[in-house]
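Colleague: Spelled out, the chains give:
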Amino acid sequence: MRNDMLKRYLFAAVLPMALLSACGERNADITSPAAADAPSSAPETTSEIARIRETITLPDMPPELTAMVADTFDNGPDPWRMTRQEVVAQFAASADAGDAGSAYIVGRRLAECHRILREDTPQSVLASYRDDLLELQQREGTPAYAVIRGNVERRFAGRVDGFADCSALTPGLIEKSAQWLERAAAAGHAGARKDYPSLAMAEFQTRDGIIRDAKEAQRRQTLARGYLEDAVQAGDRQALHTYADAQHGRGPLYPEDRRAAQVYGYVQQLAFQQPRTVDPRMAALQEVVDRERVARGGATRDETFQSLLRNGPDRYPPDAFSDAEWTEIAEEGRRIFETSFRTETPGS
Amino acid sequence: MIRQRLIVGASVVAAGLLVAALLVRNTDADAGVVSAENVAGSASDASVGTNRSAIPDGPFDSQRVQLEAAAANGDAHAAFRLGQAIAHCLNYSPVASGRAAQLMAELIAQAGTHIRIGDRPLGDERSIDMVLFAQQEGERLCADTDSLRTTPPTLDAFHYIAQAAQAGHPGAAALYPDLAFREFRTPAELIENADEVERRRERARSYLLRSVRSGAPEALLAASKAYSADGWLARDPEQALAYWLTYAATDDFRRIPESLANERTAELEGMATASQRERAAAQAARIMGLSGGRADAQ
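Line by line, the protein sequences are chains A and B.
Numbering (the working numbering) for the first sequence: -13 to 334.
Numbering (the working numbering) for the second sequence: 26 to 323.
Treat the hints with care, as some may be off.
Here are some chain A residues the structure puts well away from chain B; computed CB gaps all over 10 Å [said to hold, decoys possible]:
id	residue
1	Ser33
2	Leu44
3	Arg193
4	Phe258
5	Gln260
6	Arg296
With the Cβ distance kept under 7 Å, some of the chain A side facing chain B (calculated, not the full set) [unchecked claim]:
id	residue
7	Asp194
8	Arg198
9	Ala200
10	Ala203
11	Gln204
12	Gln207
13	Thr208
14	Leu209
15	Arg211
16	Tyr213
17	Gly235
18	Pro238
19	Pro241
In short, the hints are calculated from the structure, not lab data.
Bear in mind the structure is a predicted one, so any value in this text is a computation, not a measurement.
Quick reminder that beta carbons are idealized off the backbone N, C-alpha and C, glycines included.
Build out the structure end to end from the sequences listed, making use of the hints.
Modeller: As structure tokens, this is what we get:
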């Protein structure tokens, strides 16, 4: 009851914030590379963030990973770790000239800025960092303390750096990211097709974002659905996750479809729990995990999967569908799983 | 349990009404609604001058029947008053201001650092200012509206606001974008109805810009919001700041608690580049200069 009350309170309180703190969000077209003419956040927040950020040193990549990355990119720099300005300098021209790989890299890196600029504002990053530190205090003296502290600091640094990186881009570039992704996807680039449904819709995550350009949202939605449904059909688990989640109707991709949400949520569980042949070292780890689960009165991974396959999804909320409908949902889920997501034949 | 309900009730109402309050023009201390005549008096746009109402502003409940009849006969200000009251007060449940402050204090004492409004704790000065301000605005705007809860209206708020906005009523123009898209409840519904959404957005834009020319404070505030980063028009930090600075020179602006107003100014300035800030200030000065210290045509 108490939680419910707090949630409702927060929900209510967010409304006026939308008006008074609208500019907590920063977006693509407000950015400028010229330091003398750059937007600036509330000075006290910015200096506080800079002070904390200075105290955090991120560890270098392990040498073997560095070597692997260098090998992957023909000894060139890793485009996923370059700054976005460097990415633009290096890949935008070839992307414009029609190179699908370059278009994917620059499109994806810049499209990520929609979310980063919306969610990782200085105010918001500082607030969650303080929350994390409060929680961390309770872990002081435990073995996990150092690890958790490292995670908190890494997360803070990552968000701060990402926001600064996206803010440093010239106006209009972030809006262009969807075009680059679209070109790469049209040219058949697998990564671009996979990322298009979430990244090309990133600027339509708010109602006002859709109202601003509803027809463009509609055009991209059609494309995004096409790529997503193809990928689900082809057995892509990331696409399955996006598709199942989208059936709840909270985002811009699909209206709410409670039946489809149950069916694909079930397929997702089956795909995740199914037995698979793994690296022998991982198999050993799975055994340990299974022993732990059983010791705690739970079931092994395989038992969980078999029971899920046999009994269908958890019927929650139970009165959402009739018995017959729940049975149909389970059957349809099993059929999709067997057709597109079963990685190994049973009994092999 | 009862206390929890009261807290929720008070905060829901207060929060909803803050939005309302900031979009509604404050006239005389106890009038509580837009006076179209006042706005028309300062307007450079002749069409706004057609909003004279046959019914002088007074207690809503006792005028409701008259207002409904007048609105049906094309009285824009009557339609606005009805639309505004339905939009903000249909689910209003009054909580005495002293009681609201006490409840909030108790909530802060219990969980002040764990509850956040946006990015700030409930115990923050600005959060307190906001909730208490919203409470006051609720009392002001929804006084004498009990009849709405006992006899719910047959027509919705959008019906009346669309009518009044089309007739050039500045308060309605400012409220129009808040109501015009409500019927499309989910993101997917907005997209599915893209043609209609764009039609309404363009209508909203033209109503708003016409009202800005009339110098109506609520239109200036709504325009600033529309052009800001999360607004429904193409983002324009310079326009967002210019309209905000112009609004800051109006009497309405003084109703907003200083802590919140300062923060909003800093945020909008932070969104703009140095040259955009300069141009916005110049534009605001020009607008105010044109109207002799009062917002007017740009």
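Colleague: State for each hint whether it applies.
Modeller: Okay, the hints, checked on the actual structure:
1. Ser33: 13 Å, holds
2. Leu44: The claim holds: Leu44 of chain A sits with its nearest Cβ about 25 Å from chain B, beyond 10 Å.
3. Arg193: 6 Å, violated
4. Phe258: Given that every Cβ of chain B is farther than 10 Å from that of Phe258 of chain A, nearest at about 26 Å, it holds.
5. Gln260: 31 Å, holds
6. Arg296: 34 Å, holds
7. Asp194: 4 Å, holds
8. Arg198: 6 Å, holds
9. Ala200: Cβ of Ala200 of chain A sits 4 Å from chain B, so the hint holds.
10. Ala203: For Ala203 of chain A, the interface hint holds, since the closest Cβ of chain B sits about 5 Å away, which is under 7 Å.
11. Gln204: 4 Å, holds
12. Gln207: 5 Å, holds
13. Thr208: This hint is violated: Thr208 of chain A lies away from chain B, its Cβ roughly 10 Å from the closest one there, beyond 7 Å.
14. Leu209: For Leu209 of chain A, the interface hint is violated, since the closest Cβ of chain B sits about 13 Å away, which is over 7 Å.
15. Arg211: 11 Å, violated
16. Tyr213: Since chain B brings no Cβ nearer than about 16 Å to Tyr213 of chain A, farther than 7 Å, the hint is violated.
17. Gly235: 5 Å, holds
18. Pro238: 4 Å, holds
19. Pro241: Result: holds, 4 Å to nearest chain B Cβ.
In summary, the structure is inconsistent with hints 3, 13, 14, 15, 16 from the numbered list given earlier, while agreeing with the others.
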